[in-house]
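Number of protein chains: 2
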Amino acid sequence: MYYPEPISKLIDSFTKLPGIGPKTAVRLAFFVLNMKEDDVLDFAKALVNAKRELTHCSTCGHITDQDPCSICSDGTRDESVICVVQDPKDVIAMEKMREFNGRYHVLHGTISPMDGIGPEDINVPPLIDRLKDEKVNELILATNPNVEGEATAMYISRLVKPSGIKISRIASGLPMGGDLEYADEVTLSKAMEGRREL
Amino acid sequence: MYYPEPISKLIDSFTKLPGIGPKTAVRLAFFVLNMKEDDVLDFAKALVNAKRELTHCSTCGHITDQDPCSICSDGTRDESVICVVQDPKDVIAMEKMREFNGRYHVLHGTISPMDGIGPEDINVPPLIDRLKDEKVNELILATNPNVEGEATAMYISRLVKPSGIKISRIASGLPMGGDLEYADEVTLSKAMEGRREL
Numbered sequence: 000m001y002y003p004e005p006i007s008k009l010i011d012s013f014t015k016l017p018g019i020g021p022k023t024a025v026r027l028a029f030f031v032l033n034m035k036e037d038d039v040l041d042f043a044k045a046l047v048n049a050k051r052e053l054t055h056c057s058t059c060g061h062i063t064d065q066d067p068c069s070i071c072s073d074g075t076r077d078e079s080v081i082c083v084v085q086d087p088k089d090v091i092a093m094e095k096m097r098e099f100n101g102r103y104h105v106l107h108g109t110i111s112p113m114d115g116i117g118p119e120d121i122n123v124p125p126l127i128d129r130l131k132d133e134k135v136n137e138l139i140l141a142t143n144p145n146v147e148g149e150a151t152a153m154y155i156s157r158l159v160k161p162s163g164i165k166i167s168r169i170a171s172g173l174p175m176g177g178d179l180e181y182a183d184e185v186t187l188s189k190a191m192e193g194r195r196e197l
Numbered sequence: 000m001y002y003p004e005p006i007s008k009l010i011d012s013f014t015k016l017p018g019i020g021p022k023t024a025v026r027l028a029f030f031v032l033n034m035k036e037d038d039v040l041d042f043a044k045a046l047v048n049a050k051r052e053l054t055h056c057s058t059c060g061h062i063t064d065q066d067p068c069s070i071c072s073d074g075t076r077d078e079s080v081i082c083v084v085q086d087p088k089d090v091i092a093m094e095k096m097r098e099f100n101g102r103y104h105v106l107h108g109t110i111s112p113m114d115g116i117g118p119e120d121i122n123v124p125p126l127i128d129r130l131k132d133e134k135v136n137e138l139i140l141a142t143n144p145n146v147e148g149e150a151t152a153m154y155i156s157r158l159v160k161p162s163g164i165k166i167s168r169i170a171s172g173l174p175m176g177g178d179l180e181y182a183d184e185v186t187l188s189k190a191m192e193g194r195r196e197l
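If you read the sequences in order, they're chains A and B.
Each residue of the first sequence is one higher than the last, beginning at 0 in numbering that gives the first Met the number 0.
Each residue of the second sequence is one higher than the last, beginning at 0 in numbering that gives the first Met the number 0.
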C-alpha cells in the first residue's frame with residue numbers, strides 16, 4: 000500500500016471513468032487534495048444529484064430532472080414534428096443549433112442484430128405508441144450516419160410508412176468546412192447522391 | 000440552458016479538473032449517469048474523504064491520514080537518512096522502488112525566485128529543525144533534475160554543509176532503456192560527468 004487509503008480509494012474511483020488511466024487518476028486525485036473544500040463538496044453533491052435526480056422523460060426518453068421534460072412540456076414547440084435521435088447528447092447537439100422547434104424521441108441505442116439488440120430493446124415501441132396518440136405529421140430520422148444508425152432509420156421508416164406520416168432522413172454529405180480531397184468515398188458518394196438543384 | 004441543471008453542474012465540476020475540457024466533461028458526466036448508484040456514492044464519498052481526512056505529516060510533510068505518517072512512525076526504518084523530495088508523489092515513486100529504507104522530507108515545491116518563491120515559502124525551515132533534533136547522518140537531495148530542482152538542492156546543500164551531515168544528490172544521466180542517439184546534450188553531459196569506474 001503506497002498511498003494512504005482515502006487517496007487510493009479516490010484514485011480507484013477516477014480509474015473507473017472512461018479514458019482515465021492510472022497515471023491520470025493519480026494526477027486528478029492529487030488535484031482534488033489541493034482544491035478548496037467547498038469545490039470538492041460541490042463536486043461530490045453534483046455526482047450524487049446527477050445520479051439521483053435525473054430520470055428519462057416518460058414521453059421522449061430524454062434525460063430530465065422533471066417529467067415530462069422541459070422540451071415535451073413546452074407549449075410553444077411544434078407537436079407535429081418529432082426528431083428521432085439515438086442519444087440524449089444528440090438532443091443537446093440539435094438544441095444548440097437553435098433551429099429545430101419540434102419535439103424529440105430518444106432511442107437510447109440502435110438496432111444491432113450482431114449484439115443481439117432488436118427494436119424491442121431500444122425505445123422504438125414507445126415511439127410507435129406516440130405516433131398513434133399524438134398529432135404527428137413528420138418524423139425526422141436523425142440517427143447517426145453509420146451502419147447501425149442507417150439500419151435503425153430504415154427499420155423505423157418501414158414500420159411507420161403505412162400510417163402515412165411524412166418521414167425524412169437527415170442529409171449525409173461533406174461537412175461544412177470540409178475538403179473534397181480528404182473526403183472518404185462513401186461520404187462523397189452520399190454527397191453526390193443528395194445533390195440539390197440551385 | 001441545454002442540459003438539465005443536475006447534469007450541467009456535474010459537467011462544470013468535471014471541467015474544473017486539469018486536462019479535462021468541455022467535451023470530455025460531458026462524456027464523463029453522461030458516463031456517471033449510467034454508473035451503478037453505489038459506485039457513484041462511493042466516488043462522492045471518496046472525494047469528500049480524501050479532502051477531509053488527508054493532512055500533511057507534521058514531521059515529513061508527506062500526505063497522510065494519521066499524524067505522524069506511516070513512514071515516520073515506522074520504527075524499522077532508518078532514522079539516520081533523510082531523502083528530500085519536492086512532492087508527495089515523489090515519495091510514492093521512491094517507495095515503489097522498494098529499496099530506500101530511510102525517511103523522507105517533502106518540500107511541497109521548489110525555490111523559484113522568478114515566481115517569488117523563497118526557501119521560507121516551501122518546507123525548508125522544518126527540515127533544518129529536523130536536522131538539529133534528529134540523529135541524521137545523510138541527507139539525499141532528490142529534487143527533480145531541472146533548473147528549480149537543482150537550485151533548491153544547491154541551496155539546501157549550502158545551508159546544511161556546515162553541520163557536517165553527509166549530503167548527496169541523486170544521479171543524473173541516461174534513463175535505463177534509453178538511447179544515446181536520442182539523448183539531449185545536457186543529459187549526456189551529466190552522464191559523462193557522473194561516470195563511474197568499473
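Treat each hint with caution, since some may be false.
[Claimed, not checked] Beta-carbon label-pair distances, calculated as ranges:
(1) B:D38 with A:G117: 41 to 47 Å
(2) B:H107 with A:G117: 56 to 62 Å
(3) B:E98 with A:D66: 58 to 64 Å
[Claimed, not checked] Computed footprint of chain B on chain A; a stretch qualifies when at least three of its residues, placed anywhere within it, have a C-beta under 8 Å from a C-beta of chain B:
(4) 9-15
(5) 22-31
[As the list claims (entries may be wrong)] Just a few of them, taken from the derived set where beta-carbon distance is under 8 Å, the chain A residues facing chain B:
(6) Y2
(7) F42
(8) A45
(9) L46
(10) N48
(11) E52
(12) I62
(13) R76
(14) K95
None of these hints come from the bench; they were simulated from the model.
These numbers come from a predicted model, not from an experiment.
Backbone N, C-alpha and C fix where the C-beta goes; we use that ideal spot for every residue, glycine too.
A quick look at each hint next to the structure:
no. : hint                           : verdict
1   : B:D38 with A:G117: 41 to 47 Å  : violated (29 Å)
2   : B:H107 with A:G117: 56 to 62 Å : holds (58 Å)
3   : B:E98 with A:D66: 58 to 64 Å   : holds (60 Å)
4   : 9-15                           : holds (count 4)
5   : 22-31                          : holds (count 8)
6   : Y2                             : holds (6 Å)
7   : F42                            : holds (4 Å)
8   : A45                            : holds (4 Å)
9   : L46                            : holds (5 Å)
10  : N48                            : holds (5 Å)
11  : E52                            : holds (5 Å)
12  : I62                            : holds (6 Å)
13  : R76                            : violated (15 Å)
14  : K95                            : holds (6 Å)
Of the numbered hints stated above, those contradicted by the structure are hints 1, 13, listed in ascending order.
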